[in-house]
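Use these hints to put chain B onto chain A, whose structure you have.
If you want the building blocks of each chain, they are given just below.
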Amino acid sequence: MKLTVSGNVKEYAGGLTVRKLLELEQVETPEYVTVSVNDEFIPTGDFDTAALSDGDSVEFLYFMGGGR
Amino acid sequence: MVIKIKQADYEAIAAHARSALPKEACGLIAGRDEGDTRVIEKVYLLTNADQSREHFSIDPKEQLAAIKDMRKDGLNPLGNFHSHPETPARPSEEDIRLALDAKASYLILSLAENSPVLKAFSIEKGAVISVPLEVG
Numbered sequence: 086m087k088l089t090v091s092g093n094v095k096e097y098a099g100g101l102t103v104r105k106l107l108e109l110e111q112v113e114t115p116e117y118v119t120v121s122v123n124d125e126f127i128p129t130g131d132f133d134t135a136a137l138s139d140g141d142s143v144e145f146l147y148f149m150g151g152g153r
Numbered sequence: 013m014v015i016k017i018k019q020a021d022y023e024a025i026a027a028h029a030r031s032a033l034p035k036e037a038c039g040l041i042a043g044r045d046e047g048d049t050r051v052i053e054k055v056y057l058l059t060n061a062d063q064s065r066e067h068f069s070i071d072p073k074e075q076l077a078a079i080k081d082m083r084k085d086g087l088n089p090l091g092n093f094h095s096h097p098e099t100p101a102r103p104s105e106e107d108i109r110l111a112l113d114a115k116a117s118y119l120i121l122s123l124a125e126n127s128p129v130l131k132a133f134s135i136e137k138g139a140v141i142s143v144p145l146e147v148g
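Chains as they are written, first to last, in my numbering: chain A, 86 to 153; chain B, 13 to 148.
Fair warning: there could be bad hints in the mix.
Said to hold, decoys possible - The calculated lysine to aspartate or glutamate pairs, modelled on EDC-like cross-linking and capped at a C-alpha distance of 20 Å, are: (1) LYS131/B - GLU74/B; (2) LYS115/B - GLU110/A; (3) LYS84/B - GLU116/A; (4) LYS95/A - GLU116/A; (5) LYS80/B - ASP141/A; (6) LYS35/B - ASP62/B; (7) LYS115/B - GLU125/B; (8) LYS95/A - ASP139/A; (9) LYS16/B - GLU46/B; (10) LYS105/A - ASP139/A; (11) LYS80/B - ASP133/A; (12) LYS73/B - GLU116/A; (13) LYS35/B - GLU125/B; (14) LYS54/B - ASP81/B; (15) LYS87/A - GLU116/A; (16) LYS95/A - GLU110/A; (17) LYS73/B - GLU125/A; (18) LYS131/B - ASP21/B; (19) LYS18/B - GLU146/B; (20) LYS115/B - GLU96/A; (21) LYS115/B - GLU116/A; (22) LYS73/B - ASP124/A; (23) LYS115/B - ASP62/B; (24) LYS18/B - GLU46/B; (25) LYS84/B - ASP141/A; (26) LYS137/B - GLU113/A; (27) LYS87/A - ASP141/A; (28) LYS73/B - ASP131/A; (29) LYS84/B - ASP45/B; (30) LYS105/A - ASP133/A; (31) LYS80/B - ASP131/A; (32) LYS73/B - ASP141/A; (33) LYS137/B - GLU116/A.
Claimed, not checked - Derived contacts from chain B toward chain A, CB cut-off under 7 Å, selection only: (34) GLN19; (35) PHE68; (36) PRO72; (37) GLN75; (38) ARG83; (39) ASN88; (40) LEU110.
Because the hints were derived from the structure by calculation, they are not lab data.
Note that the Cβ used here is the ideal one computed from N, Cα and C, for glycine as well.
With the rest of the complex left out, here is chain A (with noise of 0.2 Å):
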């Protein structure tokens, strides 16, 4: 199936979840990474269960924080 990660598509194999192409994708400290499939934001908690389809547009967005 063919995904659009982070702007560039790209062919993966069927029957993939969200964590599962962070690991494809040799995401750094997931733990770290808000992830949206289509504009929507997947709960890092649902991360193991949410499946990908062809066509879906996916983001992985570093949090960026800080404190004084």
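Just chain B now, kept in the frame of chain A:
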């Protein structure tokens, strides 16, 4: 590396930080790398989701919208900025701990003195490197 930012963008960041007082303000920077020079072409004045005087986190919805806008304009995400309302323009322990992207530039604007002070840093695995910043 040298970072270049337009005077108007510098002033926009300062105004955004002043308008957020006494809370911290934040946003994203975008542009392009030209050899050893990082050119900031656009700044995104975003919401501090923490609404705090001592912390900031960028609202993910606004972050997503900004990333898409950068892509549309052919710009690269270069990092972020935030303000320190009462402390100097240097990364705090929390800033360092949460600096997850070694390629990012981290701009900090201090409002602790009469005039704002903007400085740039890169942070990799806890090591902070001050980066020259040219405004103009």
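**Hints not upheld, ascending by number** = Checked against the structure, the hints that fail are numbers 1, 3, 4, 7, 11, 15, 20, 23, 31, 34 and 39, while the rest are satisfied.
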